[in-house]
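Produce the complete structure using the sequences and hints provided.
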Amino acid sequence: MTFHPEDFINPLVRDLPPSGIRKFFDLVSEMKDVISLGVGEPDFISPWHVREACVYSLEKGYTMYTSNFGLPELRYEIAKYLDQRFGVPYNDQKEIIVTVGASEAVDMALRTICGPGDEVIIPEPCYVSYKPCVRLTGAEPVAVPTYFKDEFKLTPEILESYITPKTKAIVLSYPNNPTGAVLTREELAAISKVIIKYNLVVVSDEIYGELTYEGTHTCIAGLPEMRDRTILISGMSKAFAMTGWRIGYVAAHEDFIKNMVKIHQYTMLCAPIMGQKAAIEAFRSCHHEVSRMVEEYDQRRRIVYKRMKDMGLEVFKPQGAFYIFPSVKNTGLSSEEFAQKLLKEEKVAVVPGNAFADCGEGFIRCSYATSVKQLIQAMDRMERFLSKQFSS
Amino acid sequence: MKNKVLKLLECNGRISFEQMAVMLDTTVEEIEAIVKKLEEEKIILKYSAVINWEKAGVEEAVAIIDVKVSPQREVGFDAIAQRIYRFPEVRSVSLISGEYDLSVSIEGKSMKEVAMFVAQKLATIDHVLSTRTHFILKRYKMAGVIFEDEEVDRREVITP
Ligand SMILES: Cc1ncc(COP(=O)(O)O)c(C=O)c1O
Numbered sequence: 000m001t002f003h004p005e006d007f008i009n010p011l012v013r014d015l016p017p018s019g020i021r022k023f024f025d026l027v028s029e030m031k032d033v034i035s036l037g038v039g040e041p042d043f044i045s046p047w048h049v050r051e052a053c054v055y056s057l058e059k060g061y062t063m064y065t066s067n068f069g070l071p072e073l074r075y076e077i078a079k080y081l082d083q084r085f086g087v088p089y090n091d092q093k094e095i096i097v098t099v100g101a102s103e104a105v106d107m108a109l110r111t112i113c114g115p116g117d118e119v120i121i122p123e124p125c126y127v128s129y130k131p132c133v134r135l136t137g138a139e140p141v142a143v144p145t146y147f148k149d150e151f152k153l154t155p156e157i158l159e160s161y162i163t164p165k166t167k168a169i170v171l172s173y174p175n176n177p178t179g180a181v182l183t184r185e186e187l188a189a190i191s192k193v194i195i196k197y198n199l200v201v202v203s204d205e206i207y208g209e210l211t212y213e214g215t216h217t218c219i220a221g222l223p224e225m226r227d228r229t230i231l232i233s234g235m236s237k238a239f240a241m242t243g244w245r246i247g248y249v250a251a252h253e254d255f256i257k258n259m260v261k262i263h264q265y266t267m268l269c270a271p272i273m274g275q276k277a278a279i280e281a282f283r284s285c286h287h288e289v290s291r292m293v294e295e296y297d298q299r300r301r302i303v304y305k306r307m308k309d310m311g312l313e314v315f316k317p318q319g320a321f322y323i324f325p326s327v328k329n330t331g332l333s334s335e336e337f338a339q340k341l342l343k344e345e346k347v348a349v350v351p352g353n354a355f356a357d358c359g360e361g362f363i364r365c366s367y368a369t370s371v372k373q374l375i376q377a378m379d380r381m382e383r384f385l386s387k388q389f390s391s
Numbered sequence: 000m001k002n003k004v005l006k007l008l009e010c011n012g013r014i015s016f017e018q019m020a021v022m023l024d025t026t027v028e029e030i031e032a033i034v035k036k037l038e039e040e041k042i043i044l045k046y047s048a049v050i051n052w053e054k055a056g057v058e059e060a061v062a063i064i065d066v067k068v069s070p071q072r073e074v075g076f077d078a079i080a081q082r083i084y085r086f087p088e089v090r091s092v093s094l095i096s097g098e099y100d101l102s103v104s105i106e107g108k109s110m111k112e113v114a115m116f117v118a119q120k121l122a123t124i125d126h127v128l129s130t131r132t133h134f135i136l137k138r139y140k141m142a143g144v145i146f147e148d149e150e151v152d153r154r155e156v157i158t159p
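Residue numbers (numbering that gives the first Met the number 0), protein chains in the order written: chain P, 0 to 391; chain Y, 0 to 159.
By construction, these hints were calculated from the structure, which means they are not laboratory data.
All clues stand as given, with none of them false.
Quick partial rundown of chain P residues pointing at chain Y, CB under 10 Å, derived from the structure:
hint: 1; residue: S35
hint: 2; residue: Y304
hint: 3; residue: A348
hint: 4; residue: F355
hint: 5; residue: A368
These numbers come from a predicted model, not from an experiment.
Backbone N, C-alpha and C define an ideal beta-carbon position, used for all residues, glycine too.
Here is the structure:
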């Protein structure tokens, strides 16, 4: 009898669709002189302070495991940061785990609360990992569309219409990848009323919290009656330009944490110590650098928004993260057609919106985590491309 | 707003008013007025380029000279500093803390020319007690710019 590895694949894994981004990646990689607005990470290199601290820790011989929860000094810094920056106090001994990126935290949070028979609400368009992570728990992801007319904000009315007796949790991700949408304190308060009414858990991915351009970020955990039912996830990747270090964290009620840490200890043991050492330094000495980067993203955001509006794209001004999500419907092309044609004709790479959700069809995600010079060049090329589309 | 304009100009002296207006979310007129005022007030002194002369193939000798002086009654160090900074060979003069009093940077065509200038002009000024010359052998970073920056974009072209 011949052995077929395919026969042994867990159906939950087998049926996961491959990422819609992969296909595009292959296409772009083959081409030269492309300006990529398809990158979902900062163009800044991690601050030198951070890199230097890691080198020093290696010289000192910090190459071992840490506590499952993470280095106590780092948890202390995380708790201090969440409290001082966003007004949400957590106990650094019992309510925080350092994770391998926000990615691990999302997976762990969902596995800790969901299983077969549960439904998890996922407002879309959104980051690509939530749906697959829910699927892997055996629970059912319920996609809730958001709309251009609402600037891709989740509204309490739409949310309520998707809740069933099986709904257990909701994944919130604002500031949002790919739309740049942000929910204000008032908008979050309105949504939290629905969440409380139906007794749901919130998994809140706030990795772009620091990248909020008008006003400051509100943690939903800071709203009345929300703290205990919220699992707050964030990390170093975006705000501190530390994607490759793989350091994230989760802050939640002790009862969530003590169960989550079981998964973490058996599957990950701990986050890498080099990254943890670097993260401590980031919290201690890089706030200045963070504000400088945020200010620069903000300036680029204004440039890109204005250029897109001027060239005739339907677009709203993103309020957070480093993405802008214009509609390309008036070109008569689908997201994918637009992205492919733009790549072929003008060598600008963007990500088709349908990679993030069905309701992302008709939009493209452009990242402005790229130098002003490159952005302006990309906008010139896009403008030329559009004028050809509109005139033909 | 004033300082934001200055920051943008410090990074790129050739940035247009239009672009600054977009980046700072204001009007071209406001930017124009601010820049004009900054120039009038001599807060913006001039616009210049940061140049890697070595790469341009131009020989130059640059030295930093520590100068010890005895301050004068009423005018302190200012009068001597003025006598020094009036020389066109002198690129910059600063009052510094520590063992010496003034830090002077001098540019010339050759080391000899610079050394002669120090010996004949600088060291002989009244109240200059002593000097110490350091020639610059290689520049790594100037005006916030790293000369041979190897930090290229190594990111994957498309990521979620
Ligand atoms: C919304 C969102 N959450 C999480 C992540 C992953 O973050 P990390 O690098 O901390 O795993 C990303 C990365 O693109 C993201 O956009």
